[in-house]
Each structure stands twice: as C-alpha cells, then as structure tokens.
Amino acid sequence: MDIVIIGLLLGGTYALMAVGLQLQYGVARIMNLANGETLIAGAFSTFWFYAATQASPLYALFLVVPAAFVLNWTIYRVLILPLVRRAKNQGKLEVDSILATFGISFISVGVLLAIFGGEYLDYSYLARPIFIFGERYGLNRVVAFLASAVLCAALYLWLHKTRAGLALRAVAVNPSASGLVAINVARTSAFAFALGGAVTAAGGGLLSMFLTFDVSLGVVFTLKALVIVILGGVGDIRGTIVAAFILGFAETAVATLVDPGLTLAAAYVLFMIVLLVRPEGLFGRRTA
Amino acid sequence: MSILDTPQAVGAGTGVTAREWRNLLISGAGFIAVGFIPLAFGGYVLQLAISIVMYAALATSWLLFSGPTNYIALSTAAFFGIGMYTVAGGIDLIPYPVLIAGAGLIGAALAAIVGLATLRVSGVYFVIFSLGLAELVRQIMTWLQHVLGTMSGLYVTIDRSEPMYFWQLLLLTAVVYLVGWWIGRSRLGFALRIIGNDELVAVHCGINTARAKVILFVISSAFASIAGALVAPRWGYVEPVVAFSPFVSFQVVIMALLGGTHRLWGPVLGVIPFVLLWEVISIEFPNQTTLLLGVCFLLIVYVIPNGIIGLIEDTWHRRKAAGGSAPGPLQRLLDASPGSVKNLLQRGKSRNA
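Sequences listed follow chains B and E, in order. With the first letter of the first sequence counted as 1, position 126 gets the number 126 in the numbering used here; the numbers rise by one all the way through. With the first letter of the second sequence counted as 1, position 113 gets the number 1113 in the numbering used here; the numbers rise by one all the way through.
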C-alpha cells in the first residue's frame, strides 16, 4: 500500500517534467538532451527563492516558469532554428539536435556549477506527516502532487479545448500538413519548445520540495523523462501521464524492495520491456 | 537480386591492390615511427602522448560504429569503465593478459544486449539508451559492491612503466585501424555505408540492417573496454564515480567530430589538438572545465560540422576547381565516393528498369 501511494505521488510529479519533454520532442521534434538540466535549474531556483524569502516554494513557480519559458525560447531561436534550417531531412536534424542539446546540457551544468556550486541542495518545507488510509506520508509530497495534477489538467484542457492547443497537436501529427492549413509551424514549434522547457522547470521546482538535488543529476532526469515519453508514446499527453505513474510505481517498488540506489535500473528495465514488446509506446500509433 | 552479390561493385572478395599494399606499408611505418616516442621523450610529453594514443583508440573505435551509421553512441564511458572494473575486480585471481581479453568479451556481451534491444527499433532509442548506460552500470556496480560487502574503490597493483602503457595503447590503436580498414573493404562495411545513406534503401537491398549495426557496435564497444583494461593499472585506484565519468563519452564524441567522421583517420586529427587544448583548459580554468567543454562542443557542431577533414577536403577541392580544368569523370567519382552509394544504386535501378 505504501508503495502504491508513494509511487502515485512520485509519478504525479514526474508527469509534469515528462509532459515538458513530450512538448519538445513530440511537437517541436527536438530530442532535447538538456531537458534534465532545465529541471535542475528549476529546482535550484526554487531552492534559492525559498532560502531568500521563506515563502512557499509554490510562489517560486511564478518566477521560474516565465524565466524558463523565455530561456528555452531563446535557445530555440538562437541555437536550434539554424539547425532546423540547415537540415536536409528529419534524420539529419535528429543527429544535429542531439549533438547540440548534448553540448547545451554540458554548458548548463557548467553555468549551474558556477552559480550554485557542486553541493547537494535541499530544504525543508512542509516536512510534516499527513495521514492517508492510516499511513504517514510527507505533506510536501502531497502538495507537490496536487500542484502537478492541477498544472497537468490545465495543460491538457488547453491542448484539447483551444485553437492554439489544436494547432500544437496538429504540428505534433504532421508538420508539413499543418503548414497547408495556415498554421505557422516555425512559431508553433518555438512556442512548444519554450512551453516544454517551462513545464519541465515547474516539474523541477515541485520535485525540489521533497528530493535532494545536485548538478550531476540532470542526465538521470533527462533519462527518466525520455523513458516516460517513449513508454507513453511520442505525441500523446495521456500516455505520458499514465507512463509517469508506471515509472513512479516501478521506482518506488525497486527503492523499497531492493535498493534506493537502483532507481535508474528500474527506468531501464521499463525501457527494455517497451523496446522489446511495444516500441511505439502504450498509446502510440504504429508507423507504417 | 541484391547489390551485394556483385563483388566488383565493392571491391569485396577481390585481393588487396598494389595501392592498398602501399598505403598499409606507409601506415605501418608511421605506427613504428610513433612507437619511438617513449625512447625520445619522457615525463610530461610522454604523459600527453599516452593520453593522445588512448583517445585515438577510443575515438577511432567510436567512429567504427557511429561514423557509417550516423548513430551517436554516448556510451564509451560505460564500456571503458567496465574494462577498468574487470581488471580491478580480477587482478588478484586471474593473470592480467587474460583479464584484458575478458574485458573485451564482457564489453562485447553488454554491447550485444544493448544493440539487440535498441538497434532493431530506431536510432533515437539507441542514443537515449547509450546516454544513461554509464550511469546505469555505475549504479549497478555500486549496488553490487554494497551487496558483496567490498569497498567502493579497488586497487590495481601491477607494475608497468609509462612507455609500456604507450606501446600497449599504440598497439590497440593499430589494431583498431586495421579492423576499421578491413571492415571498410568488406561486405559489412559496404552494407553500413548504405544504411548510413538511406536505411530504407538498405532494407530493400536485402541487407539485414539490425545485424550489421549490432556487429559493428559490439566490435566498437569491445575496443573501448580493452582500452579501459589497459589503463586501469595506470590509475591504480578504481572507483565507480571516476571509472564511469560521463566526461569520457563526451570527450570522445567531441574529438571524433572535431577530426571528421567520414574518414577512418579523421578522429586522430581531432584527438591531437583537443588533448592539447584540454590540457591548457584544465590548467588555466580548472573550475570551468564543464562549461568550456560544452562551448567547444557547440562550436564544433555549428562552425565545422564536417570536422578538420571536411575543411581540408573543401580547400583541396576549391584549389582544384580554381586550377581551371573541369573535373574529369574519374575525379567526379572520387569526389562523390563516400556518399556515392545512393547514386550508384539509383543508377543501377534505372538501368534495370
């Protein structure tokens, strides 16, 4: 029971970071290997905000999200767009964007090291127990989960009920056909990339409420987000959220039953299973 | 009919030509000449030279797989670390030369598992899998040591002089080159070039693309593991954080890209300047290494996407073009040689139709 609830709480918070990557990869078609560093930056900024003001870390999101949006939009315009223009085909763009974002991730680690140093950072916020079905859980985990759920629901509604959301989904399905129905694909892609970065940073802010971070963890979170996106199916938000819960359960189960140091192995096992059984993901469409 | 059934199109199956013998002899003489470095220099220069041959072996073996397929493998550190750990774990029980071979075999086995799982599906999944592989192996190693109750670090105590490391690594590099040269003129190499150009075309030619890719990945990774096994005693003390440092993967990719990935001897042109540059960076800016490494990487991706070799070939061709005469048919064929497979196939198709 413990595992189920802790897994649920963790998975719910993972959902947010993975939805961010989903927007970047599913819509903007950029495999962003620097996604984890965006998350770490969000977590560190939240830490900073809390240390400086002692106000609820949730307020930090109002600063972190717009900042991450602007930063990711700039990265897309300055660094990614030339690659999009230069690429002759999707395969070339994939190679180039993997290389470029890999480089960006190292630069981000360098910048974060310079600003925050290499120590583990954590803070204690709402570290009070809350009782669910008679068991104790950290209140901060519950609050982070609820905030993540609200944000995910808002994003889902926005994507499915508004015209702008429709445009985003259209680009996710087919960029060239979207151009034919008067969608500005370049702008939509840039927007999706920026929004994805903002959502991931928000996920980092929420995770920082109950996890300990250091700079080198970025790649681990990139990997977790990638596994979730692939498990759920590229281009499908529902799938991403379901997959985030699966990873949350799997990690919690491994951490409780085997060893807390093996959480990445849990993600890899899931990854292997998907690759062997259903490479297009739970909700993905099989490409012809 | 498969294109691979016509050996004269590839040169596969035919003997080694006089020109190839000449190139082999020149390369062999070059390697022997380089082998005299430890006799002429010692100390700091020899240290740098060891670093250069080590990265030359790693970057060239990386190229064996990633060059023709265009799949960026970010897993060098995982295999390098496995090589080190094989030696560190078994040095008290098993003779060192056996361990080196064992490291290659373990690396090959892991590469086969990874390759079989990911390379059948798509390139992106392979890249993602390789990205976290070092971290995964590190977690498992740490856990295993925890369960077995051993210390997190292991000592490797065998006596080897610095020149010996240099010669061992140089020999490894020579073997990597030889294997690369052999693959390049075999059916496997031809199949890989087609895959790199257009995977769909390769599938329609009747090439088992997954098998070709897995074989190459296994070979490339086994070399990385052997390199790890060779330098383990030089480090003396092996622990997970150091052995599986993501920097190794990253530097290998940078060096290969800097040199150029469309020629076998490309990476070494990147290794030499980068090792020297890195030496300067880590002495002058010890706290900004990660940042500067990232900047170097982006500069290479954006400014010289075809590497130093690309630059050399560009100027060479421009000078040729400025020389007046239009390139003859043979010259045109040579110009197009690395990317000509698709053209050849298209020509073949129209002839058949």
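To be clear, the hints were calculated from the coordinates, so they are not data collected in a lab. Some clues are possibly wrong.
[To be verified] Facing chain B, a subset of chain E residues (Cβ under 10 Å, in silico):
| id | residue |
| --- | --- |
| 1 | 1051 |
| 2 | 1070 |
| 3 | 1094 |
| 4 | 1096 |
| 5 | 1110 |
| 6 | 1143 |
| 7 | 1161 |
| 8 | 1265 |
| 9 | 1292 |
| 10 | 1301 |
Beta carbons are placed, not taken as given, at the ideal position from N, Cα and C, and that holds for glycine.
Hints, verified against the model:
1. 1051: violated, 20 Å
2. 1070: holds, 6 Å
3. 1094: At 27 Å from the nearest chain B Cβ, residue 1094(E) fails the 10 Å test, so the hint is violated.
4. 1096: violated, 31 Å
5. 1110: Cβ of residue 1110(E) sits 12 Å from chain B, so the hint is violated.
6. 1143: Because about 5 Å separates residue 1143(E) from the closest Cβ in chain B, which is inside the 10 Å limit, the hint holds.
7. 1161: Hint violated; residue 1161(E) Cβ to chain B Cβ min 35 Å, cut 10 Å.
8. 1265: violated, 21 Å
9. 1292: Status holds, d = 7 Å.
10. 1301: It holds, given that the least Cβ distance between residue 1301(E) and chain B is near 5 Å, below 10 Å.
Violation of the numbered hints given earlier is confined to hints 1, 3, 4, 5, 7 and 8; the remaining hints are satisfied by the structure.
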